Amino acid sequence: MNFGKLWNQSAKRFPLLTLSVTNGALAAAGDVIAQRFTGNDSDEIEGKNASHDFSQTARFFLYGFIFAPISYKWYSILSHRFPMKPVVGNMKRKLGMDEWKVVSKRVMSDQFLFAPLAVGMFIGTMGVLERKNLSQIKQNFKDRYIVNLAAGYFLWPAVQIVNFSIIPLIYRVPFTGLASLFWNAFLSFSNSKTSFKEAAKILE
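Under this note's numbering, the residue at position 148 of the sequence shown is numbered 148, and the numbers go up by one with no gaps.
Simulated from the structure, these hints should not be mistaken for laboratory data.
The structure displayed is predicted, hence computed values, not measured ones.
Watch out, some of these pointers could steer you wrong.
What the hints assert, rightly or not - Simulated restraints on C-beta separations: (1) Pro116 - Pro83: 19 to 29 Å; (2) Ala150 - Lys5: 15 to 25 Å; (3) Ser10 - Asp143: 30 to 40 Å; (4) Ile70 - Val162: 16 to 26 Å; (5) Phe175 - Phe112: 14 to 24 Å; (6) Ser135 - Leu181: 31 to 41 Å; (7) Asn133 - Arg36: 37 to 47 Å.
By construction, the Cβ of each residue, glycine as well, lies at the ideal position given by its N, Cα and C atoms.
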């Protein structure tokens, strides 16, 4: 039995758990990519050769694990609020004008309502997992919120057009997880660079 069949069976029996583990693994992979190409800032501060920060990767896994059910619920709400006409039998969905109107409503709702909350959730959650105090988390918001949100608008509208038009609901979280591989690498890089600045100030 191949991985796809195993995943589908798991998703049918334990949908939220399967989505959480999948999303967590993809988020962790994004952090691994970031550390592979940008290095570990704590080692950079101390003048050591770059080594992998496994605690940071674990934080990304936990964030992805937590975020998956929230994303799935949001996608379910969008599907219910902006439904497409049902496809009869084994016919393939044809995207006419009415369908594209539905897709555009889903994408606009996602980008203008959910995306700002998602970016804020990432910054806040990572701050808590890194055991930062409230003032440090607030500073992270000032340093990174607008930058991360603006960067996301270069990627996610195009991704979500595909996601909301042809991807079935159960696969939408994994699809965005795959698209997030390099997005999470960017977030990891952004997150670690802020930590580096804080540590550098302490060493001054």
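For this structure, which hints from the list above don't hold up?
2 and 7
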